[in-house]
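Numbering-wise, the numbering used here comes out as the position in the sequence shown, counting from 1, plus 1342.
Hints in this document: simulated from the structure, not taken from any laboratory.
Be aware that one or more of the hints could be misleading.
[Said to hold, decoys possible] Taking lysine-lysine pairs in the DSS-like style, the calculated list, with each CA pair at most 27 Å apart, reads: (1) K1600 x K1639; (2) K1639 x K1611; (3) K1618 x K1639; (4) K1618 x K1600; (5) K1611 x K1600.
[Claimed, not checked] Pair by pair, the computed Cβ-Cβ distance ranges are: (6) S2130 x D1484: 52 to 58 Å; (7) N1974 x G1786: 52 to 58 Å; (8) Y1521 x A1752: 56 to 62 Å; (9) I1960 x G2048: 43 to 49 Å; (10) G1675 x G1486: 46 to 52 Å; (11) A1752 x N1987: 24 to 30 Å; (12) P1706 x A1597: 25 to 31 Å; (13) R1443 x N1974: 32 to 38 Å; (14) G1815 x E1738: 29 to 35 Å; (15) H1636 x P1706: 37 to 43 Å; (16) S2130 x N1974: 37 to 43 Å.
All values derive from a computational prediction rather than experimental measurement.
Idealized CB from N, CA, C, for every residue including glycine.
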Amino acid sequence: MSPEGMRAAYPSALSFARLAMADFVRRRLKVERLRVDLDEAGRGEALYRVVDGERVFHLFVISQQLPAAQQLDRNFATAWDATAALCEGSWSENREAFLRREIPKQTAGWVDCDTLIVTRANRSGRLFDAVVDSLSKGLQPDPGLLTEVGYIMRTTGFIGNGAIGTRPFAGLPEDHPLYQPYFAQMFSAFLLREFVFDLVDSMAAARSRSAVRLDASLRRFIGLGNSAATGLTRFMVNHPEYMHQWGNAQEAAFACAKMRVPTLAELEKLETFVNKAAAYFRVDCSSSRGVFSHSEKLAADLDLVAEHLSSAMPRVSQAPLAELCEWSMHFCGHDATEILHSIILEIYPDIIAHFSQFLYAGEPGTLDPLMTVGELKSLVVENYAWVEAWDWGGGEADRFFWFHSVLAPADARRGNRHVQADAERENAFETVRQVRLLSRHLDGLSLTMTVAELAATAPQFWGVIARIQSVAGLDYAEMRDNPLREDFSPFPSIRKVLAFFGMERFESAPSKVVRGALLQGAPIAEDVARGLDGDWPFALPPEILSPGEGSGRQSMAKGVVHRPEPDIKASANAVPAHDIVLSPVQFATQASLALQGAGAPLGLASHLARYFVLSTVISGRGLQDVARTVENGVFAGGVGVEHLNARAAVLRSTKATPAAAVLSALNIATAKAYLSHEEGTAVLVGECDGPEVDSEAMIRFAGLPGFSYEILRWRGISGTLAGDPRQAWLDAIEEVGSGAPAMPSDGSAYLVLCSRTGTGAFPRAGVADPVAGLFQEAARKGVRVPSSQWQRLVELARGVLLSAAVESRLREDGFDPTKEF
1343 MSPEGMRAAY PSALSFARLA MADFVRRRLK VERLRVDLDE AGRGEALYRV VDGERVFHLF
1403 VISQQLPAAQ QLDRNFATAW DATAALCEGS WSENREAFLR REIPKQTAGW VDCDTLIVTR
1463 ANRSGRLFDA VVDSLSKGLQ PDPGLLTEVG YIMRTTGFIG NGAIGTRPFA GLPEDHPLYQ
1523 PYFAQMFSAF LLREFVFDLV DSMAAARSRS AVRLDASLRR FIGLGNSAAT GLTRFMVNHP
1583 EYMHQWGNAQ EAAFACAKMR VPTLAELEKL ETFVNKAAAY FRVDCSSSRG VFSHSEKLAA
1643 DLDLVAEHLS SAMPRVSQAP LAELCEWSMH FCGHDATEIL HSIILEIYPD IIAHFSQFLY
1703 AGEPGTLDPL MTVGELKSLV VENYAWVEAW DWGGGEADRF FWFHSVLAPA DARRGNRHVQ
1763 ADAERENAFE TVRQVRLLSR HLDGLSLTMT VAELAATAPQ FWGVIARIQS VAGLDYAEMR
1823 DNPLREDFSP FPSIRKVLAF FGMERFESAP SKVVRGALLQ GAPIAEDVAR GLDGDWPFAL
1883 PPEILSPGEG SGRQSMAKGV VHRPEPDIKA SANAVPAHDI VLSPVQFATQ ASLALQGAGA
1943 PLGLASHLAR YFVLSTVISG RGLQDVARTV ENGVFAGGVG VEHLNARAAV LRSTKATPAA
2003 AVLSALNIAT AKAYLSHEEG TAVLVGECDG PEVDSEAMIR FAGLPGFSYE ILRWRGISGT
2063 LAGDPRQAWL DAIEEVGSGA PAMPSDGSAY LVLCSRTGTG AFPRAGVADP VAGLFQEAAR
2123 KGVRVPSSQW QRLVELARGV LLSAAVESRL REDGFDPTKE F
């Protein structure tokens, strides 16, 4: 994905907003307004219910009026005009009281696993008051004014998938109506958009007896605003599998549509869409600020496409649509052609239906220890030659590094690498640099060395090795840009992700924010209930014949209850005092951050975090063990590997954490068993310092199918063999023991045994099971832990954040334009 291509990205019928709304329309979901209690300032609450078969959903909204100076669209804001939660299940006074306390805190709060999404929104400073004023006077707002903005409230995030106690999406069964990617977020957006309409209606009615309701045609035209920044750039680099799955499905759909020779009816439909798109961009007032193509240019280019279609209709009808796209690319450029691709897809619903099945992406792959250095080098050459496009010799290509600070933990910021290098923490933004460093490191190694040994001796490359392996052959996985260079622009990557989500009206805001609108032209609640789709894509402003026609007088504000504003600061970061139910996703995230803060490289930290999650699921130990590991703070820079023969090796790692050392030993034992024809392999590792390894969890996590394993505490040769009747293992264990005469027998060393399944090398061996099922079960049920232990881990995870003093030094000595907003 090049910067030029991402900068031109445009939503299609395969965007999550379009697919989700089409599904809601197909299901004819009915929205019930159970309560709308709002005063003239819009303060109060609203509650909505949607019944879908046997499933019941509620959206609970708390509304207030913030002073303009307190409105922040950044992820470190602490208050918003509206906060809301989407929940599944029955409603009760206790649930309502609980959510009333927690959802205004957003990421500083905690919800239960029946909560799917927590979100927030701010009123548009350009439009909100004008709409309420018009309605209160008995007039409809000016469609031209609405066109300038496209929305009257703007969201700044949808929190879910295990965060702050929400249900992880991996825990949803396949027949769940919100199982598909981002359907839960879009369902929340759809309901929140309905609340926005009720909000302006209620405020107008509370101010005047002559108020009218917002006209239905205007409701359909108005979208829900959205604002995003470098958090989406981070999302892109953190989830290469998602980027490929979504990008590949979209590009394959485009290619399939472009191969078709259209009928005259299809060409007429295409021409209608192109003309509508040109009209849409003619009235679009979004400010590109030189970042994106200006709407006037897009309108002019689409007019050219329409003229070409009209004049060359007979010829176009006899050739695949790819020829039209080639003509557009030559005469109109990249941006208009991307829009044309989206339009072409509109006339082939069968293609949309087919490729909509291929948007679900799995979890990232783990390290493949059996690959050789030669094979890894080939993958680097095949898939990452583009990283050499920048001049790495002068220090400018990697001048900056990305970090998170205590001042804004969720915000991705940059600092000058040459000001304070020890402040760096590896993250996915470093991929281009890590690939290059790994490539240089591989040049000095034997081509037959296994990745198991490479990762053990150079754990700083663990993450980038696993990434290279897991995205091999995934053409759309990587952002082919260098986010470490001084002149890097985050706008293309932000736009690309937002286009996948379905956002339109892209508007850049200094210096790293992209704003736009979701669901503009989408069906409103009454349309969805009747099975009617909306006027999208390219929604045009409606013509209102008279200001109040068809709108009706207001009556929604009766029985207003004004509830006290929540004391957010007093209870921020509060976690319930009793046991809590964690999602594996959030557990792994916090564990990985905590391990990184203690000195573990990113890739190793991520792998160990999943092991600790699994240990908690299996034995209940993992949460305590990861905290003890972090507090112990010992991570080896790499182990020394001594191969005694084809089936035995000794790893020397002074005071390394046992989990990391045994993980390396298990990988090497697996590689030896794979490469040799011996009955089994033995790898001894020590001296370790930290919590004892959970053998069952480690084998299930890191063991490969087709192999059997056993992990023993080393007690010397005789102590380790005590009680083992199998003579076949005497020689192997004695070989390991004699090769490590200085290895202590106090239990700080571990022996890992491995064989191909079915050889019967050792009777107590546990067979490695695929771990996916265990994680999915944990996602469904959650992981119950004491809240005090969880809070301890959260505090330890803050160790990865830069202090305010360090960030201040970076700002003063290494100015970075992407920090200013």
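Hint-by-hint comparison with the structure:
1. K1600 x K1639: Answer holds: K1600 to K1639 is near 24 Å, not above 27 Å.
2. K1639 x K1611: 23 Å, holds
3. K1618 x K1639: 15 Å, holds
4. K1618 x K1600: 20 Å, holds
5. K1611 x K1600: 15 Å, holds
6. S2130 x D1484: 52 to 58 Å: Given range 52 to 58 Å: holds, Cβ gap about 56 Å.
7. N1974 x G1786: 52 to 58 Å: 32 Å, violated
8. Y1521 x A1752: 56 to 62 Å: At 27 Å between Cβs, range violated.
9. I1960 x G2048: 43 to 49 Å: 21 Å, violated
10. G1675 x G1486: 46 to 52 Å: Since G1675 and G1486 have Cβ atoms about 29 Å apart, the given range 46 to 52 Å is violated.
11. A1752 x N1987: 24 to 30 Å: 51 Å, violated
12. P1706 x A1597: 25 to 31 Å: Distance hint for P1706, A1597 holds at roughly 26 Å.
13. R1443 x N1974: 32 to 38 Å: 37 Å, holds
14. G1815 x E1738: 29 to 35 Å: 32 Å, holds
15. H1636 x P1706: 37 to 43 Å: 38 Å, holds
16. S2130 x N1974: 37 to 43 Å: With Cβ atoms ~19 Å apart, the hint is violated.
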